[in-house]
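> Dock chain B against the given chain A, drawing on the hints supplied.
Residue numbers (numbering that gives the first Met the number 0), protein chains in the order written: chain A, 0 to 299; chain B, 0 to 195.
Hints are computed from structural coordinates only; laboratory data are not their basis. It cannot be assumed that every hint is accurate.
DMTMM-like mimics (lysine to aspartate or glutamate), calculated; alpha carbons at most 25 Å apart, straight line [stated by the list, open to error]: (1) K108/A <-> D65/B; (2) K33/A <-> D267/A; (3) K89/B <-> D37/B; (4) K156/A <-> D160/B; (5) K248/A <-> E126/B; (6) K54/A <-> D256/A; (7) K156/A <-> E170/B; (8) K186/A <-> E126/B; (9) K111/B <-> D154/A; (10) K116/B <-> E247/A; (11) K156/A <-> E41/B; (12) K80/B <-> E68/B.
Here are a few chain B residues that sit away from chain A, every Cβ distance over 10 Å (derived from the structure) [as the list claims (entries may be wrong)]: (13) P67; (14) A107; (15) N179.
C-beta atoms are modelled at their ideal positions from N, C-alpha and C, and glycine is treated no differently.
What follows is the residue order along each chain.
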Amino acid sequence: MKHRKSTQWLIISLVFVTTLVQAQVAAKPNLTIKLPLQKNSVRFAVIGDSGTGDKEQYEVAREMETYRQAVEFDFVIMLGDNIYGGHSARDLSQKFELPYKPLLDAGVKFYASLGNHDDPDIESRYRPFNMNGERYYTFKRGDTQFYALDSTYMDAKQLTWFEKNLQNASAPWKISFFHHPLYNDGKMHGPDMDLRSRLVPFFQLYGMNAVFSGHEHAYERIKPEDNVYYFILGNSGKLVHNDFHRSEKMETSFDRDRTFMLVEIVEDSLYFQTISRSGETIDSGQIARQAASVKAAGAK
Amino acid sequence: MKRAWGATGLALAMLASLGVGISYGDATSQSKPASAKDVATELQARAQQYLDLRKQFAGTPPKSTDSPEVVAGSQRALGNKIQVARAGAKQGEVFTPRVANYLRKRLASALKGAHGKQIHSSLRSAEPVNIELHINQNYPENVPLQSTPPSLLLTLPQLPDGLEYRLLGRELVLRDMEANIVVDYIPNALPTAKTK
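So here's chain B without its partners, still in its complex pose:
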């Protein structure tokens, strides 16, 4: 998969995945060992910060409507406002290195666990998605949303309403469902696929 953030970012992520204390968030996101509760709290707080900002600058989407123009246009309008409000947003602001490391470990553990065989099978049968990711940009509307095996979702901390995890190949994406925005993502979130 192509990277939108280049070799430097890749190197940083690799170091972070090895537990090296490099941070491109703030001081609270150093890669020190953390409990599941700490990480879930940190993720919830970061996700909520994003949602608060969204509410402040973009409002909330309208309810159900018969109008194709309104339903399609409102999502686009919401996304545009968020893109302006978060201009300059960087990868790792919500999925901080500490959160990312924890989530990688959770996913790897699930793949080796009791449901591992089924998860691998479901990943193989999902329609593969291979796109270039850009933080704070729209998830391309003509690209399918890869289904995420339930056993992987069940191993991840719950997100506030309006946000969802999505797998894209090996990446784990944090997607704003209502604005169709890529809020953040974790590169190489899934271990390298087994070759058989």
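Okay, chain A solo, but in the shape it has when bound:
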């Protein structure tokens, strides 16, 4: 009896989601695309603090699918807090599989990093998160090497692994993503100073290009700091209104609605577009790949 009810619930949910996505796509024929959409580029989306299972998460997911059909990104990086609250089978379904079903069905891969609300064991072994049973890992797409770190537990073993992988990296672009921001003007959490003191020296030494973090439930882009670009996006599900006290490090911010990002890397340029739940582009731009820092050049 219980099994039949769950099956009925699942079917109703799937029909509901599919219908809403179709309606959304039909209603938005003219999207604003700020990316060059060049052949053979690396295109991905970014979400953070997404896994609430609330309607706002579903609405962001629908907007992502609308843009995917135009932009054709084929993977998503997740900045942690991928599943809030419990981690039962139903939680994984409601807070991940159902909202992103259209993306998953289209073959989009998700690469998760761990936040403080995540269960490291369950999520690292959950194959749709592509963590291969590890709390931290690396993967390469095109000319870009990605490093998914576990900022909730940055122990000696992880730091050693990170440095070894940076030493061996040959990709022109290096991008890290993890949950806790190193720079951030949010009132709710602010920057993780101790984490910053441990990671920034690696970024400088080995020439990290861009860093994506979540945790703070809003969007912020930091002015390049030590030759590294920092993006904070922790509002793909959660949101804190009026979260910022602006500092001189802030380039731009947005805390009025949920967002996700689209990123495209073409040769020496990274293009980004940050989009709200309602489809409004709230930030966009192009950054040039930085020359290796003096320290990095000296180390090579």
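Quick look at chain B alone, frame taken from chain A:
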């Protein structure tokens, strides 16, 4: 923070933290002065004993799977078996008084050291967790895992794979990552927070 083990345990821990030779482990865990190597060896041995017991009674968790049912269910099943195998486990069995005293000193030293300011800042920005701890019980799945500043982790002896330290307020928890079990904890592991 509430205590699951009552006033007697609290008194014992306070005495232990003062270096009084009260033991609720075995004779090897008396609070006599110990070198870092001795303590690390003792902690490794106790942690390994736990992992051996886990392997004997509960096996190992399955590898990656597409199934939400399997991935969530296997952790719960592993935890249930460990709870049965360790029924009656007490606080201080892995973090013996000698180990606990040493770790408290290491943490206090780190907070006063070169990275102390950053550690305090990170602790303030972490989402505070305030729950009642129970040895050999699940870490509540709907409660976030408080992030632990790297400079504190770097000052603690390394643990075998499968176990991790976690801060909960001022407590230092030994958590079985794969079974989500609170293996042990040290009460008042961090010094009292400064008030500003």
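> Return the numbers of the hints above that this structure violates; sort them in rising order.
13, 15
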